[in-house]
Each structure stands twice: as C-alpha cells, then as structure tokens.
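All chains, full assembly: derive it from the sequences and hints.
Residue numbers (the working numbering), protein chains in the order written: chain A, 1 to 180; chain B, 1 to 594.
Simulated from the structure, these hints should not be mistaken for laboratory data. None of these values were measured; they are calculated from a predicted model. Treat the hints with caution; some may be incorrect.
[Unchecked claim] Here are a few chain B residues that sit away from chain A, every Cβ distance over 10 Å (derived from the structure):
no. : residue
1   : F19
2   : A120
3   : R154
4   : H179
5   : R287
6   : A372
7   : R460
8   : E467
9   : A504
10  : Q509
11  : R590
[Stated by the list, open to error] In silico lysine-lysine, DSSO-like type, Cα no more than 30 Å apart, as pairs:
no. : chain 1 : residue 1 : chain 2 : residue 2
12  : B       : K500      : A       : K53
13  : B       : K525      : A       : K84
14  : A       : K84       : A       : K141
[Claimed, not checked] Some chain B residues judged to face chain A by a derived CB distance under 8 Å, without partners named:
no. : residue
15  : T13
16  : F16
17  : L225
18  : L226
Idealized CB from N, CA, C, for every residue including glycine.
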Amino acid sequence: MSPVAAPQPTSVREAQEFEQIYREHAPLVYRTAWGVLGSREDAEDVVQAIFLKLLRSDYRPNFQQNSKAYLYRAAVNASLDVLKARRRRPVLVENIERLDVPAPDSTGNFDDDMHRRLFEAIAQLSAEAAETVLLRYMESKSVTEIAAQQGVSRTVVAVRLFRTRARLRTLLRGAMENER
Amino acid sequence: MTRQNQRFHHVMTQAFAPFRDVPDEQIDMACRRVLNDLHDDAGRVAVFEETDRTSPPALAWRWMRPVAALATAAVVFAVLQLRVVHESVSRPALARVEVADGGAYRNSGEPARNGDSIAAGSPVRTNGGTGAVLALTDGSRVEMRSQSELSLERADDGVRIRLNRGGIIVNAAKQRDGHLYVQTKDVTVSVVGTVFLVNAEDAGSRVAVIEGEVRVTQGAAQKKLLAGEQVATSPAMAAPPVGDAIAWSRNAVALVALLQQSTLVPPPMQEPATTERRERFEVVSIRLRGETTAGARSGGPADAAGGPGRVPACAGGMDLDPRRVNFRGYSLYQLITMAYGGDCYRWELMSDPAPLEGGPPWIRSALWDIQALIPEGALPYTERFVDIGGGKTAPSHIPGPRLQMMVRALLADRFRLVLGRETREGPMFSLTVAAGGPRLTPWKDGDPVTEREMIDLLARNQTLLSEQELSALGVTAAQFAERWAKRTIEFRGPGLMGVKASIADLVVQLERATLWPVVDRTAIKGEFNYRLPRSENPFGPIQPRLMGGASAPGTPAFDALTAGLERVLGLRLEPGRGPRDVLVIKAVERPSEN
Chain A
1 MSPVAAPQPT SVREAQEFEQ IYREHAPLVY RTAWGVLGSR EDAEDVVQAI FLKLLRSDYR
61 PNFQQNSKAY LYRAAVNASL DVLKARRRRP VLVENIERLD VPAPDSTGNF DDDMHRRLFE
121 AIAQLSAEAA ETVLLRYMES KSVTEIAAQQ GVSRTVVAVR LFRTRARLRT LLRGAMENER
Chain B
1 MTRQNQRFHH VMTQAFAPFR DVPDEQIDMA CRRVLNDLHD DAGRVAVFEE TDRTSPPALA
61 WRWMRPVAAL ATAAVVFAVL QLRVVHESVS RPALARVEVA DGGAYRNSGE PARNGDSIAA
121 GSPVRTNGGT GAVLALTDGS RVEMRSQSEL SLERADDGVR IRLNRGGIIV NAAKQRDGHL
181 YVQTKDVTVS VVGTVFLVNA EDAGSRVAVI EGEVRVTQGA AQKKLLAGEQ VATSPAMAAP
241 PVGDAIAWSR NAVALVALLQ QSTLVPPPMQ EPATTERRER FEVVSIRLRG ETTAGARSGG
301 PADAAGGPGR VPACAGGMDL DPRRVNFRGY SLYQLITMAY GGDCYRWELM SDPAPLEGGP
361 PWIRSALWDI QALIPEGALP YTERFVDIGG GKTAPSHIPG PRLQMMVRAL LADRFRLVLG
421 RETREGPMFS LTVAAGGPRL TPWKDGDPVT EREMIDLLAR NQTLLSEQEL SALGVTAAQF
481 AERWAKRTIE FRGPGLMGVK ASIADLVVQL ERATLWPVVD RTAIKGEFNY RLPRSENPFG
541 PIQPRLMGGA SAPGTPAFDA LTAGLERVLG LRLEPGRGPR DVLVIKAVER PSEN
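Laid out in structure tokens, this is it:
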C-alpha cells in the first residue's frame, strides 16, 4: 500500500462527515472520560484529544468496523493516561455546585475521598481491566454485552471481572471498610 | 454474594451513579465546547502543542467574520458620529433636564446637570445609573432608562422625540393644537395626552400604553393602542407584560397603579401580534414519559429545593438543532417557564407571589417527551459565546423568542393552555450606595478577565480566603496558595464574585441570590473587580435553590449578605415592594398523544 497523504478533511463533505461522527460519539467519550477522571475539564480535554487524533488520522479499520467500541476504548485509554500522569497528585473532585452532578440520594453518602481513592486504584489497572470494570459498573452492561463489545468470549469477561474486582478490593481495602 | 462482594458492588455503584445520570444538556454543552476548540486552531495548538494545521479550510473564515464585522461597525459608527455632529447646530431649547443622577450626557460628552437646556437635535444619552428625566416645554415629561439615547426636534405640528436606542416612558401633556411624536427607526407614535412606553432595540421597537391611547404608525399601517396594550414591530422581540416593562422607572409603583386603573379588567394574554402567530412547529409528537411523585429525584437542584412532599417539575432536558427540538421528560410547568422566558428552578422557589399560579397537579408531575420539527430557515435560537474559563469561550445555543413563540403555540394547540397575566405586589430590592461610598475596585488593563484567572491570582497573592475560611480549612494562607496551585485542595467556590463586571452584572447575581427583583439605583458606571467571600455571602451560585429561597429580610442568610455588601463593597440592598406580574393558568387539558 502506498503511503497515505496527510488525512485532512479538505472538503466540505469530509468536514461534515467528521462533525457527524463527532456529534454521534462525543457524548459517549465525554461521559466515559468524566466517569474515569471525575473532572469535567479533564474529560473535555480527553474528548478533544481523541477527536483531534481522529481528525489527523484516516479513520482506521478498527474504527470503521466498530466505531463505538473503538472510541470507548480510546476514551478509557486516554483517561487512564491522564490518571496515571497525575497519580501522585490527588484528584481535585470539583465541588457539586460547579459540576451540577446530581447529589447523592438518601441511600448513601459517597464522599469525595472515596472517589479519589477509587480513581487512584483504577489508574493502576490495565486498560482491558479498566474498560471491563467501567462497562460493568458505569454503563451497567451485562457480561454478554461486554463480551460482544470487546470481541471476546463471556468466560474471558467473567474471569477478567473477577480478577479486577479482587485487585480493586485489595487497593481499596481501607476505604471500603469505612463504606457501608 | 458474599458480604465483601456486596460492599464492593455498593462502592462501585455509588461511585459511578453521578456519571450515569449526567444531564444531557451538560454533556451537550461540553461537547459543543470541545467542537468549538477543534474548530479553533489557536485553542488546538495551545492544548496539544501541535504545529500543523488540519482544520477544514472553510472554518478559517470564522476568524475573518468578526474582524470584518468590527471593521464595518467602526465605519458605520464613524459615519453616524459625523452625521450627529453635523446636525447638532444651535437650535432653540425644547426641553430641560429635570433629574439627572450623574449617568446622563449631552452630545458634547459633558455630563447633563439638572436644569440644563436641551436644544433641538442635540442628543441626550444615559449610561449606567438610574437614567434621567426631561421636561419638555409643553409640560410633558420623558423618563429615560439607562443605556438610552434620544434627541428632540420640531415637527410640523408639535415636537418629535427621536429615540435611537433604549427605552423611555412619556407622560405626555395635553396637546393644545398639535401632537407629540416619538419616532424610532421603524415606528412612529403620535399622542395628544397619555402615558406610554417606547423601547427601541436592535430587533425593532415596542410601544406599550399605560394610560390613554396612542396611534402607532409603521410604514403604511396604523394601529391604535389602548391602555394595557402593546405592540412590537418584530416577532423576535420579547414581550414582557407592561408592568414588567416599566419596572425600571423611578415611578414604577405609581405607573402600575395607573395601569391597573386604566385596565379595570386585565386583558387575557394574547398570543402576541398576528405576525407571531406564524411561529409554529411543523410537526409535533407528544408522548407521556411517566409521572413523578413527591420527593422523587429530579436529577437537578430543584430536587433539593423541592424536598420531601414536593414534586420536582424542572427535570427535563432539551436538544436543539437547526431543524428539530426534542424535549425529554418536560413537565408542562417547565414548558411554560421555557415559553415565557423563566428559569424553572428559580420559579419553583419564588413565592409571594409565585410566578405561575393555578392548574391541576399533573402540570408538575406528568413528564412528556416532545419532538418537534422547526420550519426550515426559522433558526429560533441564538448562538452566544460564553466564557468557560481559562480564557476560552464556547458557543451556547440559547432558545430565542421565536422558539418560545413556537412552544406557546404548541401549548395552546395541544395542551389547550389559556394563561392570563395578573399583577401582584411583591418584594423587590433597590441597590444603592452606602453612606461611606462604594468600595469597588475598577478593572484596568492587564487585570484578569476571567473568574478562574482572578481566583488563581488571588490565591497566588494569598488573599483568596478570609481568616475564618482558612481556619475552617485548617490551613494557613501560604499553605492554601501552595495547595491551590497544585489543585490539591478542595475549595467550594469563590462566593459572589465579579471580574470586569458592571453593576448590571452584580444586579443579576443578586437577583439570582435573593430570588427577588433588584433595581439598580447606584448610578455607578464602569467595570469592576469585586468579591464577596463566602463567609460574607452564604449564597453560592445555586445556593438559594438549595435553601428554598430563604433570602427574605430578617433571615440570617439575608442579613449576612446585606452586611457583607455594605462592609465589603459599600453598597446597600434595601427591601421594598413593587409590582410583579404573574402568570395564571385559566384552562388546560392533557394532550392526546401521537
């Protein structure tokens, strides 16, 4: 295959196509990144980074085959990179006024420190493990759905979930004992 | 499941719960901000330190448009100035300044003082402050709102007030043998003795009659308006009730009393002007999403505000693009607030009087999914660039008056909604200067221009928090500055703060904080930096919602706010009462679904 020329959306049609892809998928990337990072600004940076890369590259085969899974994985990876970069710096969990996050309901108070500990623990996971646990608990997907999205068997997902839970439990041991 | 597994499951569920329920509008806003950055080469380079350009060539025009617009505006402004100077030759006085509180200026730029004569053709401008009152030689009084400009000239059979911008209330003396005219760029009002309001805005003009009658001429069309009636020359103009429109006047209470006497039976709300009747969606689909119950989570601040026993009515989300609007889980209450320009959360908390009265309980509890097709080319929203911190701006799509008109038509057609407007007396505040004078720091070139920059600067200078606040955090000022720089300290907002902000900006913040209308009577103009630390101001940006609007005089929160305003900013917030318009539901039906 000959080298591909710099892939710029030089036509209006390409620009429109890019915006269409962006409008369709950016919310998923944003929510995923925010869920991992707990910071709106960082999540926006992740969205920007991913779509900028997409804009600069031609849409790779993986992307065209399953764009949603591709972008989800890209969002998790980019977010983990951000998390790892700031591991020694505790996450600033923005206050509730600025985020407009729905307040915890009466069933429990989930405090900012617990969030911070959890993000730090997730930062220590592998990309596959982090993606699996996020799909399970953030997206509330079933094992079957996760297997379909990741292109692996249900058994692989189940084993990966089991191991990741065990690892996270270890990392969160102290904090979880205070959480009821 | 083992106990340990249960705990883990609980932790994970709790951890991600807030992100599962992120309001769609918020995601939408974030994505628009990023898209804007992606379109913006400068932002892209700044964030990613990449040097080559890959943006679509067409997008480069985004930079050109504002430059071209500015250049055009500068030329037009210069031409207008020349014309104004040319016309302001010496002519006989037609009026004198009766009241000017420092915010009024004559053509030469010198302040207008009480008793000054106003010659024909000589413009009078009001900037900040409380406006001005002119007394015409025929005995008529013209009250100018702030940010207005007019000039006077002789007409064939009387005097003509040429209103270039802003608003005036004219109390026209009985004309013996002529007329008093008010002319804007697109409408002429002629009277023989009455009280009326004229607003001249970019979009068009609006005339409202408080007492008597006027004749309004627009092109070849002529219309007679009676007390309580109003007309706008453009459907794009907001149409607040007459009582609201005159609230800025120093005689607002008397004028509203006059209005009520003149209109013994308050007219039912008209779907504004015939031209606005054309503002309709092409196709509307309505489905019932479900019913909320008292104390249910709304996903928004109204939840906390509503508390147990109250049905949250403002939980819906909206998607807007050029051809389609999608209301997700909107209650009728929320639709009405949207259609009439209100803030749903704020309305829910306001009482004495409540902004919306009447109607069955389902107007709050029944949540509807509504999809509507916008007529091609209607563009019923405005794109506004908002400051998102870090020196960046992002586009925000604000539903405009045309979309509001379309929703009003939808409410009338499908919900059979009939609303009336009635005037109630309610609490208001006047913002005045305290005895020791204002203590505002003027903004100057080189100062930060965004709140975030200002917070960083204050933190660096270790003056961000008061001693009490630092004590509450358990750190010294230096420790706070260091930890803030590293973003390793949690800091719950800056309190009431303005950067490069005018008194009008402060008024908006105070209205949000107190839930009451605030009238600026300070006559202070210019741009300032100010901050009322949280210890002085118990209200954050949305705190009043959470506090159920407990901002009435006499409450500790209110007393803290007023004391802080006076001590820190040298301003006073004086409670009083004034006219407030409320919407009253006269009739409504559940819509048939389709």
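Going down the list of hints, with the structure as the test:
Once the 10 Å rule is applied to beta carbons, F19/B is inconsistent with being away from chain A; the minimum gap is 4 Å. Chain A leaves A120/B outside its interface by the beta-carbon criterion, the shortest separation being 55 Å against a cut-off of 10 Å. Every beta carbon of chain A lies more than 10 Å from that of R154/B, the smallest distance being close to 57 Å; the non-interface claim holds. No beta-carbon of chain A is positioned within 10 Å of the beta-carbon of H179/B; the least distance is around 55 Å.
Listed as outside the interface, R287/B is consistent with that label: its C-beta sits roughly 22 Å from the nearest C-beta of chain A, beyond the 10 Å cut-off. For A372/B, the non-interface assignment is confirmed: its Cβ lies about 19 Å from the closest Cβ of chain A, beyond the 10 Å cut-off. At roughly 17 Å, the least C-beta separation between R460/B and chain A is larger than 10 Å, which holds for a residue marked as non-interface. For E467/B, the condition that its CB be more than 10 Å from all CB atoms of chain A holds, with the nearest at approximately 21 Å.
At the 10 Å boundary, the C-beta of A504/B stays outside the reach of chain A, the nearest C-beta of that chain being 23 Å off. The non-interface label for Q509/B is consistent with chain A: the shortest C-beta to C-beta separation is roughly 14 Å, beyond 10 Å. Listed as outside the interface, R590/B is consistent with that label: its C-beta sits roughly 28 Å from the nearest C-beta of chain A, beyond the 10 Å cut-off. Between the alpha carbons of K500/B and K53/A the distance comes to roughly 37 Å, so the proposed pair goes past 30 Å and is violated.
Restraint check: the Cα-Cα separation between K525/B and K84/A comes to about 49 Å, which exceeds 30 Å; the hinted pair is violated. Taking the CA atoms of K84/A and K141/A, the gap is near 25 Å; set against the 30 Å cutoff, the hint holds. The beta carbon of T13/B comes within 7 Å of a beta carbon in chain A, closer than 8 Å, and the hint placing it at the interface holds. At a threshold of 8 Å, the smallest CB-CB gap from F16/B to chain A is about 4 Å, leaving the interface hint in force.
Because the smallest distance between the Cβ of L225/B and any Cβ of chain A comes to about 44 Å, over 8 Å, the interface hint for this residue is violated. Contact between L226/B and chain A, as hinted, is not supported at the beta carbon level, the nearest pair being about 46 Å apart and thus beyond 8 Å.
Going down the numbered hints, you'll see the structure goes against 1, 12, 13, 17, 18, while the others check out.
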